[in-house]
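Protein chains: 2
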Amino acid sequence: MDGYIGVFDSGVGGLTVVKEIIQILPYEDVVYLGDTARVPYGTKSPETVSRFSLQCLKFLSNYPLKVVVVACNTVSSTSLDVLKDNTDVPIIDVIKPGASSAVMSTRTGKIAVIGTKATISSMAYVRAIHNIDNSITVYQKACPLFVPIVEEGLQDDEIALIVARRYLNYLLDKDIDTVVLGCTHYPLLKGVIRKVFSNDVQLIDSAYQTSIAVSEKLNEMSALRNVSREKPEHLFYVTDIPNDFQRVATNFLGWDYVYVKKVNIDEE
Amino acid sequence: MDGYIGVFDSGVGGLTVVKEIIQILPYEDVVYLGDTARVPYGTKSPETVSRFSLQCLKFLSNYPLKVVVVACNTVSSTSLDVLKDNTDVPIIDVIKPGASSAVMSTRTGKIAVIGTKATISSMAYVRAIHNIDNSITVYQKACPLFVPIVEEGLQDDEIALIVARRYLNYLLDKDIDTVVLGCTHYPLLKGVIRKVFSNDVQLIDSAYQTSIAVSEKLNEMSALRNVSREKPEHLFYVTDIPNDFQRVATNFLGWDYVYVKKVNIDEE
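Order-wise, the sequence lines are chains A and B. FYI, in our numbering the residues of the first sequence are 1 to 268. FYI, in our numbering the residues of the second sequence are 1 to 268.
Only chain A is shown next, with the shape it has when bound in the complex (with noise of 0.2 Å):
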């Protein structure tokens, strides 16, 4: 079925996510919006969160979607009521695919969730692994320096590494062997991560599971695309282009030149 698949982010962090559905829907066409003129999501208010957020999904149904993908967990803690009301396209979140993967990896029973103040304020991911499975510990960590670290290539000096043990010394002595990685900039910070925990803890990335539920809802939809593409469209914009935005992007997705595109999308 022809149609694309819509994927929107506070910035460059859903890159992560769209990298794994191209790879597992290697011939699906692709719009992102990264609106990186407003970024972070993850210090502002729900109300200000949802405002920005309908207006990314108002720029992408400019094209025919077959889904729309919430590729941040600012936006799939805060805003995925307010999205749903106001589109008939199916919208895939980042917080469920992570949470199953995370009830599916413990064995202690005791998870933990970091992520931005606004993801951890609202529960989500909690109230989504209880969801599955209700005798579950959660342990959750806002870890705001993170995002500016890692948008400042930082994520492996020494700084990151001391920010890291501040934020996340409190989780060691709680038996937890698996956590949630709840913000899409966090893979980016694993190696430092890894570093604090221990190397038996499990580091869940919500990118690879999200994409596996892209497939499964095109499949349940009899929307997969039946043939194979030479040049599906990967269309990429942001609402602003700092310096860093493309080559980011095309160090990250590893492809030759990745065109990016600006828009304005809040005064339509």
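Rather than coming from a laboratory, the hints here were simulated on the basis of the structure. A hint or two may mislead.
No copy is singled out in the list; a pair is fine if it fits within one copy or between any two copies.
Below, a list of computed lysine-lysine pairs in the BS3-like style, where the Cα atoms sit at most 25 Å apart [stated by the list, open to error]:
| # | residue 1 | residue 2 |
| --- | --- | --- |
| 1 | Lys-262 | Lys-117 |
| 2 | Lys-117 | Lys-261 |
| 3 | Lys-110 | Lys-84 |
| 4 | Lys-141 | Lys-262 |
All values reported here derive from a predicted model rather than from experimental measurement.
Got chain A sorted already, so can you dock chain B onto it with the hints?
Frame of chain A, contents of chain B only:
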């Protein structure tokens, strides 16, 4: 003369300027706008910062303005011309007062300027300093983690000191005797910055100098209020109410209560 002093900033930082203005001009009406929904500005492109700034100016123009104070170094560095093209109200920026204050302070003729990426790349401080004295050597350093550290209230934490050392180390052997805090957030990091530099180094915070510039401009326009009033108006608007703005503002201004109102400025 009736009318307001309009002040805007990307967020809470501009309150350092408001505080000084209220102190030296206690009878004047002030209207403040913090664009907290889209903070930070310092990591965004000049084009986007200009677009946001014009929306801030447009909002403030709902009030009869005597003068507009751009209490944000990033906006002052990137968007002053476009703002001046769009209003007849005199505009005071924070760069020129900071620069002239630094030139007055230096004995060695070596000044360091620290600020956001956007402020540093604009070279605005270098130009402003060289406009006054071309023989001065100016060293610059962008400190992008300083804003999120202050926003997270970590300014007295060990993390702040480690980050400050990392950023400022290369300035230590340059015979610098004056450091311009080229971002309204940075005065809150004075303690930490002071620990990195020797005690003889002068830290220049443009808030006070800017308030003097406002007073001089109003005087020159014969627009100062010449009667004392019991209750001048001090109005505070933000584009998002994050948990903290009201608390930070109340503490910072030392008032019993600061009434803050949320407005949308991008959909008019």
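Evaluation of the provided hints:
1. Lys-262 / Lys-117: This pair counts as between: shortest inter-copy Cα distance 20 Å, intra-copy 28 Å.
2. Lys-117 / Lys-261: between (30 Å within a copy, 22 Å between copies)
3. Lys-110 / Lys-84: This pair counts as neither: shortest intra-copy Cα distance 31 Å, inter-copy 58 Å.
4. Lys-141 / Lys-262: Neither, since 34 Å and 28 Å both go past 25 Å.
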